[in-house]
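Can you join these two chains into the complex? Each is in its own frame, and there are hints to help.
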Amino acid sequence: MKRLALGLGLAAIAGAGVGLLLTAPRPVASERLEVIAALEGDAAAGETLFWAGGCASCHAAPGAEDDARLVMSGGVKLTSDFGTFVAPNISPDPDAGIGEWSVTDFANAMLAGVSPRGQHYYPAFPYTSYTRMSDRDIADLFAFMQTLPVSQVASLPHEVGFPFNIRRALGGWKLLFFTEEPRVTPAEADTQIARGQYLVEGPGHCGECHTPRNPIGGFVSDAWLAGAHNPEGEGVIPNLTPGGKSIRSWSAGDIAYYLESGFTPDFDSVGGSMVDVQKNMAQLTSGDRNAIAAYLKALPERANGWE
Amino acid sequence: MKFRTLFAAAVIGAAGFAPAIAADEPQVVRQEMMKKVGGATGAMAKMVKGESDFDADATLAALTTLSEVAAGIGEYFPEGSETGFETEAAPAIWSDRAGFEAKLAAFKADADAAVAAAPADLDGLKAVFGPLTKNCSSCHETYRLKKS
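Order-wise, the sequence lines are chains R and P. Quick note, the first sequence lines up with residues 1 to 307 if you use UniProt numbering. Quick note, the second sequence lines up with residues 1 to 148 if you use UniProt numbering.
Looking at chain P on its own, in the form it has when it is part of the complex (with noise of 0.2 Å):
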C-alpha cells in the first residue's frame, strides 16, 4: 500500500514536471518564438487588412518581437534537435547552415530597418509589412517541412 502510493505520487510528481522540462527544449522553445512571431505579424495584419484601427504603439512592439526573434531564433536548432517534439524543421537547417543563418540574417536586417521607420501611420506600416513577411514564405521555402 505503501509502495503503492509512494509509486502513484512519483507518477503525479513526474507529470508535473514533464512539461517544465519540454518547455527547456530547444524544439519547443523555436516553436513558442515562432508563435510570438505569429502573434506580433497577426496584430500588423489586421490592421493592414482593415479589421483593427492603426495602432502606432502596439506596431512598433509587433516589430520589436520580429526583430527579437530573428535576433536569438538561431541558437535553438542545435545538432541533435533535428527530430522530436513535432518539430517542422527541415533536414535543410542543418546539411546547410550557411544558407539558413543567411535567411535569419537576411529577416533581421529588414525587422530592424522596420523597428528604425517607426512606422507612424497605416501607409508606414503598409511600407514595411509586405517585404518584412516576405521573409517568412522565403525561409520556409526551404527550411521548414509539413509532417502533418
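Looking at chain R on its own, in the form it has when it is part of the complex (with noise of 0.2 Å):
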C-alpha cells in the first residue's frame, strides 16, 4: 500500500513535470530572433502591415475615428465565451505601452504569442494567425508602431474567470490548437493567389472571426473561412468560400471593390464589425485587395460554418 501511494505520487510528480514542460511558453527560436533584430525596419512599408493587420480595430479607443486610430491607447472589449478581453495599450509610450520593447520582444508576442514577462498571451490578439508573418514584414511593422504618438493611458486587465485565467493552461491550447502551417491549399496556386493567402492567413487574421470554432476555441477542422456564430451576440460572420449564399456569384472585382468601397454588387453596405475592418483593407494598394479577392475565389467551397 505504501509502495503505491509512493508510486502514485512518483507518477503524479512526473505527470505535473511534463505538463509544465509542455505548456512552458516557448519563444521563437534565437536564431530567427536573431535574423529580424538584425533587419532594418522601414516605417513606411510597416504602415501597410498596420492597415492589413488592423491593429486599429482593437488597439485604438473605442469609437475612434480618423487620425484617432492611430493613437494605440486600448480600450475596446472583445467579448467572448471564455470572458472579455480588453486591448491593452501598444502605443510607444515607455510605461502604459510598449515603448521599451524591443524588436525581439515584438516578434515574441506577433509570432509566438509570448510576452516580454515570458507569459502565454490569450489567442483573442490573433498571434495564432500572426505567427505567419515573414521577418521583414515584423521588422516594417515594428518600426511603424514606433512612430505613432505615445497614449499614458493604462491597460485594463481582462475580465476573465476560472478556469479561463490560467494563462499557464494557454500553453495546453498552443499544443492543441497553434499553428504555422498554411490553413488550407487553394484550387490553383499562383504569385498573387500566395499574396493573397499570406494576407488572409496571416496579417489580415481573417479567419479569426469567419471560421467556426469548437466548444475550446479551436477551429473547426475543414470548415477554414466557412462563417460561424457572431461571437459577440445574435447573427452571423458570413461565409467567405465559394458556398457562401451571397459571395458565391461575387466577382474577385466585386469583392476587392466592397474591399476598397463598402460596397456589395447590389450596392448594399458594409455593416457590424466589417465596418472597422473594411476601413483598414481601404489603406491597402488596390493590388493587396485583387490578391485576398483571388485568394477568396480559390478557396473550396464549405457550407455555412455556423449551420
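Note that these hints are calculated values from the structure, not bench results. As the structure is a prediction and not an experimental result, all values here were calculated from the model. There may be inaccurate statements among the hints.
Listed next, the in silico DSS-like pairs over lysine-lysine satisfying Cα-Cα at most 27 Å (straight line) [as the list claims (entries may be wrong)]:
(1) R:Lys245 with P:Lys147
(2) P:Lys146 with R:Lys77
(3) P:Lys36 with R:Lys279
(4) R:Lys77 with P:Lys103
(5) P:Lys146 with R:Lys297
(6) R:Lys297 with P:Lys49
(7) P:Lys46 with R:Lys245
(8) R:Lys279 with P:Lys134
(9) R:Lys77 with P:Lys36
(10) R:Lys279 with P:Lys103
(11) R:Lys245 with P:Lys134
(12) P:Lys46 with R:Lys297
(13) P:Lys35 with R:Lys279
Dropping the structure here:
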C-alpha cells in the first residue's frame, strides 16, 4: 500500500513535470530572433502591415475615428465565451505602452504569443494568424509602430474567470491549436493567390472571426472561412468560401471593390464589425485587395460554418 | 369532388393573395425601400467609378430617392417587426431607438444637403457621394445584423 501510494505520488509529480514542460511558453527560436533583430525596419512599408493587421480595430480607443485611429491606447472590449478581453495600450509610451520593447520582444508577441515577461498571451490577440508573418514584415511593422503617438492611458485587466484565468493552461491550448501551417490549399496557385493567402491567413487574420470554433476555441477542421456564429452576440459572420450564399455570385472584382468601398454588388453596404475592417482594407493597395479576392475565389467550397 | 375543387380554389386563392399581404408587412416595405437606396446609390457609384457618364438629372433623382427613404423608413420599424421575413434589422433598433433615429436624421440631413447642392458635374457628385454614403455603413455597423 505504501509502495502504491509512493508510486502514485511519483507518477503525479512526473505527470505534473511533463505538463509544466509541455505548457511552458516557447519564444521564437533564437536564430530567427537574431535575423529579425539584424533587419533595418522600414516604417513606411510597415504602415501597410499596420492596416492589413487591423491593429487599430482593437488597440485604438473605442469609437476612434480618423487620426485618432493611430493612437494605440487600447480599451476595446472583445466579448467571448471565455470572458471579456480588453485590448491593451500598445502605443510607444515607455510606461503605459510598449515603448520599452525591443524588436525581439515584438517578434515573440506576434509570432509566438509570448510576452516579454515570458507569459502566454490569450489568442484574443490573433498571434495564431500573425505567426505566419515574415521576418521582414515584423521588423517593418515594429518600425512603423514606433512612429505612432504615445498614450498614457493605462491598460485594463481582462475580465476572465476560472479556469480561463490560468494563463499557463494556454500552453495546452497552443499544443492543440497553434500552428504555422497554411490553413488551406487553394484550388490554384500563382503569386497573386499566394499573396492573398499570406494577407488573409497571416496579418489580415480573417479566419479568427470567419471560421467556426469548437467549444474550447479551436478552429473546426475543414471549415476554413466557412462563416461562424457572431462571437459578440446574435447573427452570423458570413461564409467567405464559394459555398457562401451571397459571395458565390461575386466576382473577384466585386470582392476587391467591396474591400475598397464597402459596397456589395447590389450597393448594399458593409455592416457590423466588418465596417472597421473595411476601413483598414481601404488603406491597402489595389494590388493587395485584388490578391485577397483571388485567394477567396480559389478557396475550397464549404457549407455555412454556423449551421 | 366538389369539396376538393373548392379546396383547391381556396388554396390557389390564398397563394394569390399571400404576396399582397406580405408586401404590406413593415419588414418587407423597409427591405424594398433599402433596395431603392441600393439602386440609387449604384447609379451614382457607376458615375463616380467612370463606368457610366455623369447625368445631372439621374443624379438628382437618385439623391431625392435617398432623401425620401431617409425621411420615411423610420416608421417601418414598429414594435412587433423585430423578426420575420428574413429581416436583418438588429435588436439595437428597438433597444436604442434614439440612437437609431439619430442615424436616420444624420442620413436625412446629408441627403437633403446633397439634393440642395444639385451636383452639376462629376466633381460635384464626388463631393457629396463619399460623405453621404458613409451614413450606410455608419448605421449598418450597429443596427443591421447579418443572419446568413
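Hint check results:
1. R:Lys245 with P:Lys147: holds, 11 Å
2. P:Lys146 with R:Lys77: holds, 21 Å
3. P:Lys36 with R:Lys279: holds, 25 Å
4. R:Lys77 with P:Lys103: holds, 23 Å
5. P:Lys146 with R:Lys297: holds, 21 Å
6. R:Lys297 with P:Lys49: holds, 23 Å
7. P:Lys46 with R:Lys245: holds, 25 Å
8. R:Lys279 with P:Lys134: Between lysine 279 of chain R and lysine 134 of chain P the Cα gap is close to 11 Å, so the pair holds against 27 Å.
9. R:Lys77 with P:Lys36: violated, 36 Å
10. R:Lys279 with P:Lys103: Judged against 27 Å, a Cα distance of about 19 Å means the pair holds.
11. R:Lys245 with P:Lys134: Distance ~25 Å between lysine 245 of chain R and lysine 134 of chain P Cα, so the pair holds.
12. P:Lys46 with R:Lys297: holds, 24 Å
13. P:Lys35 with R:Lys279: Roughly 23 Å between the alpha carbons, so the hint for lysine 35 of chain P and lysine 279 of chain R holds.
Consistency note: the structure conflicts with earlier hint 9 alone.
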